[in-house]
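A.B. asks: Residue numbers (my numbering), protein chains in the order written: chain A, 1 to 251; chain B, 1 to 400.
Certain hints may be false.
Residues of chain B clear of chain A, computed beta-carbon distances all greater than 10 angstroms [stated by the list, open to error]: (1) 24; (2) 34; (3) 115; (4) 151; (5) 259; (6) 271; (7) 303; (8) 336; (9) 353; (10) 358; (11) 384; (12) 392; (13) 393.
Here are the in silico distance ranges between beta carbons for each label pair [as the list claims (entries may be wrong)]: (14) B:276 - A:101: 29 to 37 angstroms; (15) A:104 - B:138: 51 to 59 angstroms; (16) A:234 - B:39: 39 to 47 angstroms; (17) A:238 - B:195: 24 to 32 angstroms; (18) B:137 - A:226: 49 to 57 angstroms; (19) A:250 - B:252: 54 to 62 angstroms.
Sample of chain B residues at the chain A side, in silico, Cβ under 8 angstroms [as the list claims (entries may be wrong)]: (20) 6; (21) 8; (22) 9; (23) 12; (24) 110; (25) 112; (26) 126; (27) 186; (28) 338; (29) 339; (30) 343; (31) 344; (32) 349; (33) 360.
Quick caveat, the hints were computed from the structure, so don't treat them as lab data.
Predicted model only: the values in this text are computed from it and were never measured.
Using N, Cα and C, we set each Cβ at its ideal position, and we do this for glycine too.
Spelled out from the first residue to the last, the chains are:
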Amino acid sequence: MNLPALKFSKTPRDMNRRDFLRSGAALATITLAPGVTLMSFGGEAAANADAGKRWGLLIDVNKCSQDCSACVSACSKENGWKLPENPETDAQWIRKVDLKDLLTGRESSLPMMCQHCEDAPCVDVCPTGASFKRKDGIVLVDKHACIGCRYCMMACPYKARSFIHEPLTDQKAHAPRGKGTVESCTLCVHKVDAGGTPACVEACNTTGNGAMMFGDLNDPESDIAKALLAYPSIALRADLGLNPGVRYSNL
Amino acid sequence: MERTIYREIPASRPVIQLAVLLGGFIAAAAGAVLYIEHNGHIVTGMNNQIVWGLPHVFAIFLIVAASGALNVASIASVFGKTPYKPMARLSALLALSLLAGGLAVLVLDLGRPDRLIVAMTEYNFSSIFAWNIYLYTGFFAVVGVYLFLQMGRNTPYSIVRTAGTVAFLWRLALTTGTGSIFGWLVARSAYDAAIMAPLFIVMSFAFGLAVFILVVTGMCRLTGRPFGKSLLNRLGRLLGIFVALVLYFTGVQHLTNLYAAEHGGIEWFILRDGGIYTQLFWFGQVLIGGIIPLVLVFHPTGGVKPVSTILASVLVILGGLAQLYVIVIGGQAFPLDIFPGFQASSSFMDGQVNAYSPSYLELLLGLGGVALALALTGVGLKILRILPTNLSDGNVGQTP
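Excised from the complex, chain A in its bound form (with noise of 0.2 angstroms):
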């Protein structure tokens, strides 16, 4: 049987000396400054998005049940948060919510984070411009440019943005958070830059009630797009014509 040659891509005396100062820029930029490197969601992440997608959530409310939070779980165990201990201070960039319908008394209950709006109030307010709309949709803080004002919070209709009361260990190199600013569901942008899937829906897929739907919301062959056809959904809080990426079915 003959097996395919082994190849090196390089060794190092085939080196030449931009590959040398390429690698020892890489290496000083790993030892010395994790901390700028880490701790921004600014220019690199909103490069990846392309223009053409809108990227979205689909979440059926009858197949969502009271005792499962398997999203919650995993989008904490994938981001790094903590699942709260202190509910009034800890971050929750999703929660499950059970509701009550006053009228007729059925219950339900649903996942709920950051709606992705198309015209988000928490960027329109942003007086640095730290919370920011990709173009494909996904809307972002800049841990950079965050200044810890909390308007942001002030203007989310939907409860979705978290400030950090304390300080933090143990980060996700993915997921750069930090003390004194503001924080919320990125949709796993990290997954989605990479061709993958948000935490939360392949927890919901894979150990719950398969209840929520990712996909590109402009693409009229996507598995999202065709549901939102086929079947009526909701966006919260309709009302405010926020144009949210996030729906809900059999609410």
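For this one, chain A is given, so just place chain B on it according to the hints.
C.D. replies: Just chain B now, kept in the frame of chain A:
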């Protein structure tokens, strides 16, 4: 009527004692800020529900009062009322100092105050906050020039009047901007109303004049300079008109909201069921900050007594703080209505009235802002010729 003579205040024993006291408050506030910044906002009473707390109440009070403190100068320069002219310099100085104190509190409560430079260099022009940065810095420039022109020897009245008019229009824009911070919040039923801007303007008239009355009479007393009884009475009656305006706009605000069923929740929360917020509204804002001052200044016999105007000014300030506490914190305490027609509950306090108990650190920060404003005024009075040596009725042309 003599020529008005302006003199620096002397470093007398009571002035030094006052400076030391204010310095103590400023130092305490600085300590509180360092402690909060080191440990995070976890050491304050603020949380993810009540994101703006007691520091913001003080900061907004000072910023609103700053533009109102300019009233006296505007009445003198723009509307040409002679008895107010000798007090115009102090009015401008106090306006600048109050704004500095308020902004200091606002900035020092940021999650990242070290990034102030970002706020000064990166602007998002769809944010009223960003516009306010221009309005605040512009206010310093406009009022600074206005004060400079007033103090210039032989500056023609027409030039002072022009500068005063620009400053007057600027202060209206500034308070419109401050009110719009709340008025443009579409998400929250407590705000989202165009009336917030004019409401804040009349609040600024009342709070600013109340602070001015206390500062001018206090400084005259401290330095042994006479202050006319009739002049004080006149200021008191003007304060009464402003207080009545605040009550009127507050009434319109709540009646309009009560009429719309969708705002019924927040209205009954503030007016009837809100516990501390309801008490602060009726007893703090309406009674202590509104009705009692009105009776004090307009009472046929008691109203002419100097103590009535002084007491009314103190009560207007207390009522103003209560009003801002109800607006800022009461408005956040009432839950967001994300799911109209449903009862909501979650680990993130959905559907619940949010609790807030301010920490002493927040109180120290707020009081530090007040102390800073007063200290800056004191420094201005010490080094500049701001305060007239004689504000007696005969000297300012006020008919007793």
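A.B. asks: If a hint holds in the structure, say so; if it doesn't, say that too.
C.D. replies: Status of the hints after comparison with the structure:
no. : hint                              : verdict
1   : 24                                : holds (27 angstroms)
2   : 34                                : holds (14 angstroms)
3   : 115                               : violated (5 angstroms)
4   : 151                               : holds (34 angstroms)
5   : 259                               : holds (18 angstroms)
6   : 271                               : holds (22 angstroms)
7   : 303                               : holds (41 angstroms)
8   : 336                               : violated (5 angstroms)
9   : 353                               : holds (13 angstroms)
10  : 358                               : holds (14 angstroms)
11  : 384                               : holds (33 angstroms)
12  : 392                               : holds (47 angstroms)
13  : 393                               : holds (47 angstroms)
14  : B:276 - A:101: 29 to 37 angstroms : holds (31 angstroms)
15  : A:104 - B:138: 51 to 59 angstroms : holds (55 angstroms)
16  : A:234 - B:39: 39 to 47 angstroms  : holds (42 angstroms)
17  : A:238 - B:195: 24 to 32 angstroms : holds (26 angstroms)
18  : B:137 - A:226: 49 to 57 angstroms : holds (53 angstroms)
19  : A:250 - B:252: 54 to 62 angstroms : violated (42 angstroms)
20  : 6                                 : violated (39 angstroms)
21  : 8                                 : violated (38 angstroms)
22  : 9                                 : violated (37 angstroms)
23  : 12                                : violated (42 angstroms)
24  : 110                               : holds (5 angstroms)
25  : 112                               : holds (5 angstroms)
26  : 126                               : holds (5 angstroms)
27  : 186                               : holds (6 angstroms)
28  : 338                               : holds (6 angstroms)
29  : 339                               : holds (6 angstroms)
30  : 343                               : holds (4 angstroms)
31  : 344                               : holds (5 angstroms)
32  : 349                               : holds (7 angstroms)
33  : 360                               : violated (17 angstroms)
In the structure shown, a violation is registered for the earlier hints numbered 3, 8, 19, 20, 21, 22, 23, 33, in ascending order.
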